[in-house]
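Peer 1: Whole structure, please, built from the sequences with the hints as guidance.
Residue numbers (this note's numbering), protein chains in the order written: chain A, 19 to 323; chain B, 394 to 657; chain C, 18 to 386.
Hints are supplied without guarantee of correctness; some may be wrong.
[Claimed, not checked] So the derived label-pair ranges between C-beta atoms look like this:
no.	chain 1	residue 1	chain 2	residue 2	range
1	C	Arg76	A	Asp219	35 to 45 Å
2	A	Gln79	B	Arg490	34 to 44 Å
3	B	Ala567	A	Leu108	46 to 56 Å
4	A	Leu290	B	Thr445	23 to 33 Å
[Stated by the list, open to error] Stretches of chain B that chain C covers, calculated by requiring three or more beta carbons in the stretch to come under 8 Å of a beta carbon on chain C:
no.	region
5	551-564
6	573-579
[What the hints assert, rightly or not] Far from chain C, some chain B residues (derived; all Cβ distances over 10 Å):
no.	residue
7	Arg399
8	Leu407
9	Gly430
10	Phe441
11	Lys462
12	Gln568
13	Gln620
14	Arg621
15	Val639
The set of hints was computed from the structure by calculation and includes no laboratory data. Glycine included, each C-beta is placed from N, C-alpha and C at the ideal position.
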Amino acid sequence: MPDGVAAATVRKRPNWVPYALLAPGLLWLVVFFVLPTLSLASQSLQTGDVYNGYSLTWHVQTYVDALSTYWPQLLRSLMYAGLATLLTLLLGYPLAWFVAHRSGRWKNVLLVLVIAPFYTSFLIRTLAWQTILGDQGLLTSLLDRLHLTWALHGFESFLGAVGLGSGSQLLYSPFAVICGLTYNFLPFMVLPLYANIERLDLRLTEAASDLYASPVQAFRRVIWPLSLPGVVGGTLLTFIPATGDYINSVLLGSAKTTMIGQVIDAQFLRVLDYPLAAALSFILMVVIIVLVMSYVRRAGTEELL
Amino acid sequence: MAWIRRHLVVIIGLLVMGYILLPNLVVIAYSFNRPRGHLNIQWSRFSFDAWTNPCGTPGICSSVGLSLKIGLIASIVATILGTMVAFALGRHRFRGRSLTNLLIFMPMATPEVVMGSSLLTLFIAMGIPSGQMTILIAHIMFCVSFVVVTVKARVASLDPKLEEAAADLYASPAQAFWRVTLPLVAPGIAAGALLAFSLSFDDYIITNFNASPTSVTFPMFIWGAAQRGVPVQVNVIGSVMFLGAVGIVGFAQIVGARRKREVA
Amino acid sequence: MADHATGDLRLSRITKRFDRFVAVDDVSLTVPEGSFFALLGPSGCGKTTTLRMIAGLDRPSAGSIDIGGTDITDLKPYQRHVNTVFQSYALFPHLDILDNVAFGLRQRGDKDWKAKSQEALALVQLPDVARKRPTQLSGGMQQRVALARALVNRPAVLLLDEPLGALDLKLRRQMQIELKRIQSDVGLTFVHVTHDQEEAMTMADTIAVMNAGKVEQRGDPATLYEHPASTFVANFLGQSNLLEARITGSASGGRMPAQTHGHDVVVAADRVPDGINDVWIGVRPEKLRLGDSGTNQLKGVVTDASFTGVSTQYLVRMPWGFEVMVVQQNDGSARATVEETVTVSWDPGQEFILDQRQDETAGAEIDDA
Chain A
19 MPDGVAAATV
29 RKRPNWVPYA
39 LLAPGLLWLV
49 VFFVLPTLSL
59 ASQSLQTGDV
69 YNGYSLTWHV
79 QTYVDALSTY
89 WPQLLRSLMY
99 AGLATLLTLL
109 LGYPLAWFVA
119 HRSGRWKNVL
129 LVLVIAPFYT
139 SFLIRTLAWQ
149 TILGDQGLLT
159 SLLDRLHLTW
169 ALHGFESFLG
179 AVGLGSGSQL
189 LYSPFAVICG
199 LTYNFLPFMV
209 LPLYANIERL
219 DLRLTEAASD
229 LYASPVQAFR
239 RVIWPLSLPG
249 VVGGTLLTFI
259 PATGDYINSV
269 LLGSAKTTMI
279 GQVIDAQFLR
289 VLDYPLAAAL
299 SFILMVVIIV
309 LVMSYVRRAG
319 TEELL
Chain B
394 MAWIRRHLVV
404 IIGLLVMGYI
414 LLPNLVVIAY
424 SFNRPRGHLN
434 IQWSRFSFDA
444 WTNPCGTPGI
454 CSSVGLSLKI
464 GLIASIVATI
474 LGTMVAFALG
484 RHRFRGRSLT
494 NLLIFMPMAT
504 PEVVMGSSLL
514 TLFIAMGIPS
524 GQMTILIAHI
534 MFCVSFVVVT
544 VKARVASLDP
554 KLEEAAADLY
564 ASPAQAFWRV
574 TLPLVAPGIA
584 AGALLAFSLS
594 FDDYIITNFN
604 ASPTSVTFPM
614 FIWGAAQRGV
624 PVQVNVIGSV
634 MFLGAVGIVG
644 FAQIVGARRK
654 REVA
Chain C
18 MADHATGDLR
28 LSRITKRFDR
38 FVAVDDVSLT
48 VPEGSFFALL
58 GPSGCGKTTT
68 LRMIAGLDRP
78 SAGSIDIGGT
88 DITDLKPYQR
98 HVNTVFQSYA
108 LFPHLDILDN
118 VAFGLRQRGD
128 KDWKAKSQEA
138 LALVQLPDVA
148 RKRPTQLSGG
158 MQQRVALARA
168 LVNRPAVLLL
178 DEPLGALDLK
188 LRRQMQIELK
198 RIQSDVGLTF
208 VHVTHDQEEA
218 MTMADTIAVM
228 NAGKVEQRGD
238 PATLYEHPAS
248 TFVANFLGQS
258 NLLEARITGS
268 ASGGRMPAQT
278 HGHDVVVAAD
288 RVPDGINDVW
298 IGVRPEKLRL
308 GDSGTNQLKG
318 VVTDASFTGV
328 STQYLVRMPW
338 GFEVMVVQQN
348 DGSARATVEE
358 TVTVSWDPGQ
368 EFILDQRQDE
378 TAGAEIDDA
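Peer 2: This is the structure we're talking about:
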């Protein structure tokens, strides 16, 4: 008798048990996640104002207004988050590989150091980048000492030329915002990658090279496909929060780097235009869901969900 | 050249590690600064002032206290709720499984700004005033999913034969749960609880949507201060948390490694 | 404990269905108290399900189980005085060895658990590992701990689910002897599930051969080997040459004439089932001899000869194309070479006779030992 069948029947307990276990947690999520999302959708279709109240009028025009006014911020958010995700992958993959396979007895120490920044406030660490990138900050002083100021100016001009900087300073530029996003979400990329890469059998590269694959080919045809689950997990954990984030763009950016989260925050909490803010929020959610679904489908790892 | 090629991944890894740690080192270094003006951005003079008087700035310690309180309650509630869901998913067959998985996944796939604003619309619609209670509700909500994912992995890796062995050795289902299952899943539950605590303690965006002027958490305090100049005490608290975390996690890792070495 | 019953273990018309699949089909068995009983069969034959029903881990769909007359069918696993040595050992990784072994005793509130557990560890020759963790031990040692953990409870029936499957060949042989010694020392009823016919024959007093959810034959190892009741048993336990034959006359002087592919042979009359004329004549390879020293003689051509040390194994093609296997001891007698025409012979009484309606290949294609 197949062992699986036998084991499965034993695990079958009275039928109400799983529902009893699920009920409190799922109820919480339904009341404080699903219901608010519906409430958000409803709010976005209402008209009125804070003082006289709102009524549901199916005012779809709000969406048109929201998109036509704020599409640059939405697009910018997706672009910054996309770039930051790409950078975290480029930086995170070698780091994860290094920790997993080349760090020897330092492995645990390094893992601790990757996770530890989580426990210092996100905001404090982001503010530290002001200190590092600022006009008279650490980087400038250091390069000044090394007589490399020309290199800094060259880099700033380069950033200005490609549209990621103001041309004269590092801080308060798209570069600084992307740098901060990359920094803040790097551990979210490294951890899933590490979990995946650590389990890779390195003898596979030997087998590949035995079968006439160059190191690059061995990576592309054997290691990379096997790391995909980690890559997909890491990119989702990075891209989704990065798109909605506005801490980095507020603290490290300028009026020209405004991201969609900032707009939503301002419309909700300062302008008090609830329908517009709700519409923007809802658009952001739908855009992300669509992007994530198509990405996951392309990567062929729906299991991850 | 050959040496560089062979050790390229180590070199890049160490550089990225430096990138990860640099801000933390800056935070620690600048906790010993005595800035000239309000802004703690330029180095001025070495001083222990902030360390000897960490509550020296009005509101800072009460905000840390509130964050600790919310973090503790939120992580405990989220851990209990999440662990129950994880057991249901890892141990039982039931209808509506994929719907449950979707419901668990969605909060992780939704940007904080969306969750924060949608909760706000609900609270407004229901006439619930913002404050500690609404912050707590929000934190528990977004922590549950992370606990479920963490604990589920542990539950799924548990050999069901161990529970059968316990039953075979005269343990009733309840006894088997307390003496075998729970101790074996405990590391996963602890990891989930720690994760929930750090998520809650660190959250700004969702909190900001659902807080009131009288319920200022530590991240909200920093945000408010960032406009005028962040007091050095913030660096002190950040350093304490970083070093404390390194200490605790490091200690746990060393104990774990030693146990593993005994095993090997 | 709900019962401290001891006595024979009796399965009465046990059936187990999983959805539409019948894993165990109307099985009745009696395992005498204090015996070493083996359930032998290929994977999927229902032996593990039978074991799990005795342990209480699966509920029978029909039938009952009792020990010494006390019905235990509806008792939960933790309520019955039966313990199991699991195939994967299932040692608790968070407990040390002593706590693992003492688990059952403490669960039952035995105050003397420490001394008893140490005694059990000594019995399995692991006196010095009490404070180690399971993962610190080798597979063979874990196996002994699993045995001690079950033994220490002195159960009415001790179940072993392929306990030696994960060990390498040498260690397995060693453990077989040791298990047998321990069983006779403690005098408990052992029910041992295995797919390894050699293991079953080495250790068990009684073997029940299972196939497709049913018990094909039950008996002591020698009887099963010499007098298999079905082609399945004949093929599953060792090798058999099955010759298609017809009984051509009646018994005289304890013998009966028969004909296989036109060749006259004589078989022992008491081996022939009543009322059947079309038969399989089964002869074990070691009962066949090269040369004409036996009464029944067949001529053939050697197609293969493999030297295995203590013996040489020949394949000899009969005129009608069938290849018989002959195993000859390397006792100095002359060896045959490939292509050589030889006479193969045996004496009446060395064969077994089966009904020809049975599938001659049953049990032969299964070789997962």
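Peer 1: All hints, please: hold or fail.
Peer 2: Status of each hint after checking the structure:
For the hinted restraint 35 to 45 Å between Arg76(C) and Asp219(A), the CB-CB distance of approximately 42 Å keeps it satisfied. Remark: the range hint 34 to 44 Å for Gln79(A) to Arg490(B) is upheld by a beta-carbon distance near 41 Å. In this structure the supplied range 46 to 56 Å holds for Ala567(B) paired with Leu108(A), their Cβ-Cβ distance being about 51 Å. Remark: the range hint 23 to 33 Å for Leu290(A) to Thr445(B) is contradicted by a beta-carbon distance near 44 Å.
A stretch counts as covered by a chain when three or more of its residues have a beta carbon under 8 Å from one of that chain; for the region 551-564 of chain B and chain C the count is 11, and the coverage holds. Counting residues of the region 573-579 of chain B whose beta carbon lies closer than 8 Å to any beta carbon of chain C gives 3, which reaches the threshold of three, so the coverage claim holds. At roughly 35 Å, the least C-beta separation between Arg399(B) and chain C is larger than 10 Å, which holds for a residue marked as non-interface. For Leu407(B), the non-interface assignment is confirmed: its Cβ lies about 33 Å from the closest Cβ of chain C, beyond the 10 Å cut-off.
The non-interface label for Gly430(B) is consistent with chain C: the shortest C-beta to C-beta separation is roughly 57 Å, beyond 10 Å. With a least CB separation of 46 Å from chain C, Phe441(B) remains clear of the 10 Å interface cut-off, as annotated. Against the 10 Å criterion, Lys462(B) stays outside the reach of chain C, whose nearest CB is about 33 Å from its own CB. The Cβ of Gln568(B) does not lie farther than 10 Å from every Cβ of chain C; its closest approach is about 7 Å, which violates its non-interface assignment.
With a least CB separation of 51 Å from chain C, Gln620(B) remains clear of the 10 Å interface cut-off, as annotated. With a minimum CB-CB distance of about 52 Å to chain C, Arg621(B) clears the 10 Å threshold, and the non-interface call stands. With a least CB separation of 27 Å from chain C, Val639(B) remains clear of the 10 Å interface cut-off, as annotated.
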